[in-house]
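**Student:** Go ahead and model the full structure; you've got the sequences and the hints to work with.
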Amino acid sequence: MNQIFGDFIADIPTSEEYLIIGFSPSSIPLKQRWRNNGLSADFIADYFTTFFPGDPAPDKGISMKAEVKSAVSFIANELLENAMKFSDESSQYPVTIQLNLKSNNMVFWVTNSISSQQVEKLQTFIEDLTLNDPNDLFIRRLEEPSDGESGLGLLTMVNDYQAKLGWKFETVQTDPLTIAVTTMVQLKI
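Here my numbering = 1-based position in the sequence shown + 2.
Keep in mind that the hints were calculated from the coordinates and are not lab data.
One should not assume that every hint holds.
[To be verified] List time: in silico BS3-like cross-link candidates among lysine-lysine, alpha-carbon distance up to 27 Å: (1) K87 / K166; (2) K104 / K123; (3) K123 / K87; (4) K67 / K166; (5) K104 / K67; (6) K71 / K87; (7) K166 / K71; (8) K170 / K87; (9) K71 / K104; (10) K170 / K190; (11) K104 / K166; (12) K104 / K190; (13) K170 / K123; (14) K67 / K190; (15) K170 / K104; (16) K67 / K170; (17) K123 / K166.
[Unchecked claim] Label pairs and their computed distance ranges (CB to CB): (18) Q34 / N107: 31 to 39 Å; (19) E91 / D130: 19 to 27 Å; (20) S26 / D177: 39 to 47 Å; (21) E69 / L179: 39 to 47 Å; (22) M3 / E69: 35 to 43 Å; (23) E69 / E129: 26 to 34 Å; (24) N134 / S28: 36 to 44 Å; (25) D13 / T173: 18 to 26 Å; (26) E146 / Q125: 12 to 20 Å; (27) N137 / E69: 35 to 43 Å.
The C-beta atom is built at its ideal place from N, Cα and C for all residues, glycine as well.
**Tutor:** Okay, here's the thing in structure tokens:
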């Protein structure tokens with residue numbers, strides 16, 4: 003199984019500035035590391051702010067550095083939370099998050115294992131996202147009862163940060179079956 007959805011770019015050349023963090027499921031189950039997601043996201047955001055000026059943007063009154071830090075922290079945290087929450091517990095496949103900085107673009111990748119049942123649910127959400135207005139979908143999802151799978155974090159990335167989202171599903175092992183999903187978020191800066 004190799005499938006691509008949304009705005010996923012498979013062959014982005016590596017940039018000079020990037021950061022990759024991996025989380026192994028072997029020592030402590032990934033779902034027990036929930037509180038570490040915010041710490042990891044804040045670390046990534048702090049690391050990347052060194053590449054942006056601290057002076058306020060003339061039209062906004064906030065510095066580019068503060069704006070980037072807030073966006074990176076939110077997006078990285080949401081991506082890590084989703085990866086940890088939906089990782090296949092029966093798999094020993096790690097969760098990795100990578101952020102690349104290109105001239106006026108930041109690209110996030112998060113890869114995790116996913117059960118075949120979760121593949122179907124995520125692909126249904128992706129289809130819903132591509133067929134509907136993201137703002138309308140956000141309101142609808144907000145009003146629906148949620149089982150923890152509302153997609154509001156991803157919708158916020160699109161609606162509030164004008165992010166482009168893409169996904170790649172691939173079989174990384176056949177016995178036992180291990181499916182990995184890579185979520186890509188492209189953010190203009």
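**Student:** Each of the hints needs a verdict: does it hold here or not?
**Tutor:** Evaluation of the provided hints:
no., hint, verdict
1, K87 / K166, "22 Å, holds"
2, K104 / K123, "32 Å, violated"
3, K123 / K87, "14 Å, holds"
4, K67 / K166, "21 Å, holds"
5, K104 / K67, "16 Å, holds"
6, K71 / K87, "24 Å, holds"
7, K166 / K71, "18 Å, holds"
8, K170 / K87, "18 Å, holds"
9, K71 / K104, "16 Å, holds"
10, K170 / K190, "21 Å, holds"
11, K104 / K166, "15 Å, holds"
12, K104 / K190, "10 Å, holds"
13, K170 / K123, "14 Å, holds"
14, K67 / K190, "14 Å, holds"
15, K170 / K104, "21 Å, holds"
16, K67 / K170, "30 Å, violated"
17, K123 / K166, "20 Å, holds"
18, Q34 / N107: 31 to 39 Å, "34 Å, holds"
19, E91 / D130: 19 to 27 Å, "26 Å, holds"
20, S26 / D177: 39 to 47 Å, "21 Å, violated"
21, E69 / L179: 39 to 47 Å, "42 Å, holds"
22, M3 / E69: 35 to 43 Å, "38 Å, holds"
23, E69 / E129: 26 to 34 Å, "32 Å, holds"
24, N134 / S28: 36 to 44 Å, "39 Å, holds"
25, D13 / T173: 18 to 26 Å, "20 Å, holds"
26, E146 / Q125: 12 to 20 Å, "19 Å, holds"
27, N137 / E69: 35 to 43 Å, "21 Å, violated"
In summary, the structure is inconsistent with hints 2, 16, 20 and 27 from the numbered list given earlier, while agreeing with the others.
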